[in-house]
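Asks: Single-letter residue listing:
Number of protein chains: 4
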Amino acid sequence: MKNTFGTSVAVTLFGESHGPAVGAVMDGMAPGIPVDEDFIARQLTLRRPWGEVSTARVEPDRFEIVSGVFEGKTTGTPLCILIPNEDARSRDYAPLRTLARPGHADYTGYVKYRGYADWRGGGHFSGRVTAALTAAGAVAITALRRRGIVIGTHIARCGGVSDRAFSDLPADLAALNKTAFAVLDADAGVRMREAITAAAAEGDSVGGILETAVTGVPAGVGEPWFDTLEGLLAHALFSIPGVKGVDFGGAFDRADLRGSEYNDAFYMDGGAVRTRTNRNGGVNGGISNGMPLLLRCAVKPTPSVRKQQETVDFSTGEAAALTIEGRHDPAILHRARVVADSVTALTLCDALALRYGTDWLGGAPCAAD
Amino acid sequence: MKNTFGTSVAVTLFGESHGPAVGAVMDGMAPGIPVDEDFIARQLTLRRPWGEVSTARVEPDRFEIVSGVFEGKTTGTPLCILIPNEDARSRDYAPLRTLARPGHADYTGYVKYRGYADWRGGGHFSGRVTAALTAAGAVAITALRRRGIVIGTHIARCGGVSDRAFSDLPADLAALNKTAFAVLDADAGVRMREAITAAAAEGDSVGGILETAVTGVPAGVGEPWFDTLEGLLAHALFSIPGVKGVDFGGAFDRADLRGSEYNDAFYMDGGAVRTRTNRNGGVNGGISNGMPLLLRCAVKPTPSVRKQQETVDFSTGEAAALTIEGRHDPAILHRARVVADSVTALTLCDALALRYGTDWLGGAPCAAD
Amino acid sequence: MKNTFGTSVAVTLFGESHGPAVGAVMDGMAPGIPVDEDFIARQLTLRRPWGEVSTARVEPDRFEIVSGVFEGKTTGTPLCILIPNEDARSRDYAPLRTLARPGHADYTGYVKYRGYADWRGGGHFSGRVTAALTAAGAVAITALRRRGIVIGTHIARCGGVSDRAFSDLPADLAALNKTAFAVLDADAGVRMREAITAAAAEGDSVGGILETAVTGVPAGVGEPWFDTLEGLLAHALFSIPGVKGVDFGGAFDRADLRGSEYNDAFYMDGGAVRTRTNRNGGVNGGISNGMPLLLRCAVKPTPSVRKQQETVDFSTGEAAALTIEGRHDPAILHRARVVADSVTALTLCDALALRYGTDWLGGAPCAAD
Amino acid sequence: MKNTFGTSVAVTLFGESHGPAVGAVMDGMAPGIPVDEDFIARQLTLRRPWGEVSTARVEPDRFEIVSGVFEGKTTGTPLCILIPNEDARSRDYAPLRTLARPGHADYTGYVKYRGYADWRGGGHFSGRVTAALTAAGAVAITALRRRGIVIGTHIARCGGVSDRAFSDLPADLAALNKTAFAVLDADAGVRMREAITAAAAEGDSVGGILETAVTGVPAGVGEPWFDTLEGLLAHALFSIPGVKGVDFGGAFDRADLRGSEYNDAFYMDGGAVRTRTNRNGGVNGGISNGMPLLLRCAVKPTPSVRKQQETVDFSTGEAAALTIEGRHDPAILHRARVVADSVTALTLCDALALRYGTDWLGGAPCAAD
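Residue numbers (the numbering used here), protein chains in the order written: chain A, 739 to 1107; chain B, 739 to 1107; chain C, 739 to 1107; chain D, 739 to 1107.
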């Protein structure tokens, strides 16, 4: 399925960085979901490079809804959003055309597309395509909220600095979703930005870890084999440029725990089954258990660094030295967080629509009620 | 698609722990692949519990090939393998029927299947289903080897003990694939087993990290969005019971590196483009770059611990104390490693068949040659 | 997806005519559906060759439910049914191995599977695989009935003889589902059997047209583009051996009507929107309109005829004359009708589960209520 | 998957008749296919209403390639084509908003989309969406031609008039692909147009049968169960508005033949296996046999007729009389033929890419060579 993801609610991405536009088609979303253009614009703004910690390329991110919305609400038919490209300066990239930038997809794209791909600005590999994903994700986030499902992502670690852990999730998510640089601890945020600025000053970049939480997912969603909730989410999350790892409940940090420490004890909270801890990240046996989903994405540092690098010219097979000019993002975690929210939202909409039917997100009674 | 995974080469799993059999249907495998029953049996043996570090339930793992093999080779039509269940003692589990074992799928399975699932021995959630996956994986591993693609997994960390890193991959993989307890450093293996035994003695369990390497994957396989090679592999790997995290190139351990440290410099090695380091785990922009794939699975400790645990009876909604009797695996990493190989192999067969056509694995010329 | 069909409720087929067994895995069926083994056996009996109008090969069609049923009901996990092969005499077919039987898949199977397929008795192409489809279909038919959806198929035309049209659908379907040779007009049935017998006497065979009706499908199921209800059903129905055409509302017979004659006028019947006629076969714009589904399958005559035929030996590329020995079905319509019911039921279960959620067939409230 | 069709080469459709644009995203097409904008324009022109036999609404069908083409060739990344809507007069349709037009999707769309769909001009159900399908199809047709695969469709029957049968396929297809009103017998074409004009004069419409032939499809493409070549093609073809039946080899007209008449005898023609007749329409056992594909689509008469019709207002549940004003197509076969070519081409590109790999259409060697 390639550039399409999802079964009942599916998203298709298209577009190149320096073509006329990037875009997304979201199909299968329930009819009747309000489409708030201001919210889409706000989400796109969060994804934009900004301030001292991002590239200076200006991306106003105007968008156009081409289909699937009527009188302010989703129609249930495919919703296409176009985001025209502007201010793309191809000449910045021209000398690099056949020099494989380390850590980028130049070489793999060249092999896969046999030299025919639009190489300008990363083409279809460009992070700019995530603008389309973010716009589609905004509609999915809205749909989920109406069902009481709230998503938020913070920068758990960046440039060697850690944010505090989630504590009071509803409050934490509410706060994050009002913040441009998504940290729970403002102080940690300051130090992260300092680390980014320091790396940028050396022509270098930093990576880190994003942590996403989702409250309100009903128990019983996901499958025991293959279409586990973890597998579905991870499948999609690895599309976010730079994401090289996904775990649930912080598993990579808990490899040394014993079973008696790792298990989440069940208890009754009013009429609801809950767990005392949430080391399983809200999923047991591939299926949601009613606790918040907790997942992390390991994001590698942005590969465009100014320092000279060893590489090859893949058109000639000759060794080359590469110096990447221009301004590039010294970090993308603060921009990627809204993409993580979006990908999570789209994947959950699909899983929920499969479980409860295509109208559930639109407010119809839940088949599992 | 649920219990089916794959597009061109697909696997469907079925079976319950205490039903007549578990099994797998592999569809789309190229015709003409030799099916070596001894190799299948050997792989199944590696998955079996054994020695002091696993449960005493005896699983001889006889298997029957029901279809798809003729005169010792794959026919190209669906290959069904059945593994009859034997020696299953349902009474061991009966008292637990409605007590949610922490860390298990009892509660989520109850919600999802509305109380109708076969609860005996974990039913369809049982790790026993991985025997079927392993048998199908053995055929996939054979097919890949004939194309020069070799897979191996070691226990990178277990019970707080680390194995050494991969160094000479071909030699390391060859050694691992002859080893029952898959470590590169025999000494580390001894200490891991001690840790497992110590945990078992306390009625507890340990988890850890598996690391898988794959050599010989051609460059150019995978997609830029959604069907990234990382996303496809992670999707499937999260089906392995206990896997709660997947990363490539050890990303979760490298969150603090800078871009200039993380980037893998390209160079020419003979006629081939290679990278000096392999922090991207063989994948750039979702597409294989010709370097070995390197991926890790974080495996939580086995949830069946003997220590008393707090839980609820989900049929009554009442609090309960749970003590799990019987012998259970104090660790599953040493058994899961062959499942990781199998899942990786099946996923790669699918990606390669999609890329190069359905006959490529059978020896037909590569469309991308 | 090949031998798997369906998205939410999916069926995977496997097995060769002369291997150990044929079988089906049905995945995604709602939990809690009663599995009536007598009904499965009855459906298998309807598919069996019988009497003077079919081949004498005896097929007792014992079946074994390997998974997915517990205490007489579906568990919601994959339901695997095995039907062991018996009484298969490979020697009957041996001389034909490389002679392409006209109208059969010998040659195309040879090309596709590069000579590795099990050639005995048609291998995986054998109509015997429909026994597995029928067994799975029986569960689907049961599930639909519990939701008030009833399916029946009659032989609308066979050997030049026409059955009467459907008139009172509920009564007609009830009658058909009690009949072995499925016609509405007993007299037409007699003449059809005479035509079959006459063809058989000349070593020849006949084909015809099956017509299926489905009552009780709610309005609003299906998609406007690609996953039209017609497209989904036709996709699956073309798997029935011999089916070479599918239409809705008898479209091929109505090519000369004018729009004013073809349109189905809407009217209110109590609180329900209905149409005066049903030339659209219950589907408008790809979506069910609440009227009965009406579809027809054109079934070509059985290709195994005794008369000598011109062919080639595809292993040598030489011309050959072929005479097919043994007894073969002079007609399969009377056997295929239960397969048409089954395929229709499985496809509808999938479409309904996608629309209303995975529990709707199990009795959960409809999201669209 | 809904508005997306295909596995390796997939098409996603979007857009409403009176929204800003309709469009298609084609994903998975091999890189390096020349994209001839003149050819796309020509195909769009064939789909346009024209002359006395179609509606007077002017549709200039300008189109914009948004992505996936670089320097005149496909890049291999998703190709998005937008076709802006112009000259749409919503007021023509306004009074009909809640009156179900017989034979249209107004009522089913209302139920499915719960009243939220864009009702103007049929919205997403509009035949206008086929313009996008046609544009994408033009690229697929070009790709296939470069592999020696040629498609053509004629109006086999319209308004009670039959065209002659195919005789010399290469010449017939070449002629058809230069013709606006696609008939093989010019005389039959004159009479068909007279029939259309006569129906139009009475405020009525006609339907008929399209027949498509495809030469050059290699043997061995398609699957034995479910993804039969017939099933895949039919699945997609039923999306063409008005198509209510699909058969292969003219099966519905051959229901009375005996097996000895129906079977296609094999013979050697030079080195190639061929059949004397082609009643199986180029497919045996779901798999192409190397002969031309021959398929027919039964197209119902255009439902928009001027004559007064009985209907209901689905918002009030009251009976109503409906008179459709404005000019409407009295026939669409002559426009739909290019859509049939397009859908066939897209489906074949997918089946071939699955079989031979993603680069085969781009000229890479065939894995099955």
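Please note: incorrect hints may appear among the correct ones.
No distinction is drawn between identical chains; accordingly, a pair holds when it is met within one copy or between any pair of copies.
Derived lysine to aspartate or glutamate pairs resembling EDC-like cross-links, with alpha carbons at most 20 Å apart [stated by the list, open to error]:
| hint | residue 1 | residue 2 |
| --- | --- | --- |
| 1 | 1045 | 799 |
| 2 | 1045 | 910 |
| 3 | 811 | 940 |
| 4 | 1045 | 999 |
| 5 | 916 | 1007 |
| 6 | 811 | 906 |
| 7 | 811 | 942 |
| 8 | 1045 | 994 |
| 9 | 916 | 991 |
| 10 | 1045 | 942 |
| 11 | 916 | 774 |
| 12 | 811 | 775 |
| 13 | 1045 | 1007 |
| 14 | 1045 | 906 |
These are calculated hints, taken from the structure and not from any lab test.
Asks: If a hint holds in the structure, say so; if it doesn't, say that too.
Replies: Verification of the hints:
With identical chains, the CA atoms of residue 1045 and residue 799 are never at most 20 Å apart, being 30 Å at best within one copy and 50 Å at best between copies. Proximity of residue 1045 to residue 910 under the C-alpha cut-off of 20 Å is found in neither arrangement, the shortest distances being 38 Å within a copy and 34 Å between copies. For the identical chains of this complex, residue 811 and residue 940 are neighbours neither inside a copy (48 Å) nor across copies (40 Å), given an alpha-carbon limit of 20 Å. Within a single copy, residue 1045 and residue 999 get their C-alpha atoms only as close as 45 Å, which misses the 20 Å cut-off; across copies the closest is 11 Å, which meets it.
Taking the shortest Cα distances, residue 916 and residue 1007 never come within 20 Å of each other, neither inside one copy (30 Å) nor across copies (50 Å). For the identical chains of this complex, residue 811 and residue 906 are neighbours neither inside a copy (33 Å) nor across copies (43 Å), given an alpha-carbon limit of 20 Å. In this assembly of identical chains, residue 811 and residue 942 lie within 20 Å of each other by CA distance neither inside one copy nor across copies; the values are 44 Å within and 36 Å between. In this assembly of identical chains, the alpha carbons of residue 1045 and residue 994 lie at most 20 Å apart only when taken from different copies (18 Å versus 37 Å within one copy).
In the homo-oligomer, the alpha carbons of residue 916 and residue 991 never lie at most 20 Å apart, since the shortest distance is 28 Å inside one protomer and 30 Å across protomers. For the identical chains of this complex, residue 1045 and residue 942 are intra-copy neighbours only, at 7 Å inside a copy versus 50 Å across copies, given an alpha-carbon limit of 20 Å. Taking the shortest Cα distances, residue 916 and residue 774 sit within 20 Å of each other inside one copy (17 Å), while across copies they are farther apart (48 Å). Taking identical chains as interchangeable, the C-alpha atoms of residue 811 and residue 775 lie at most 20 Å apart only when both belong to the same chain, with a minimum of 11 Å there against 35 Å between chains.
Taking the shortest Cα distances, residue 1045 and residue 1007 never come within 20 Å of each other, neither inside one copy (55 Å) nor across copies (23 Å). Taking the shortest alpha-carbon separations for residue 1045 and residue 906, neither the intra-copy value of 42 Å nor the inter-copy value of 30 Å comes in at or below 20 Å.
The earlier numbered hints that this structure contradicts are 1, 2, 3, 5, 6, 7, 9, 13, 14.
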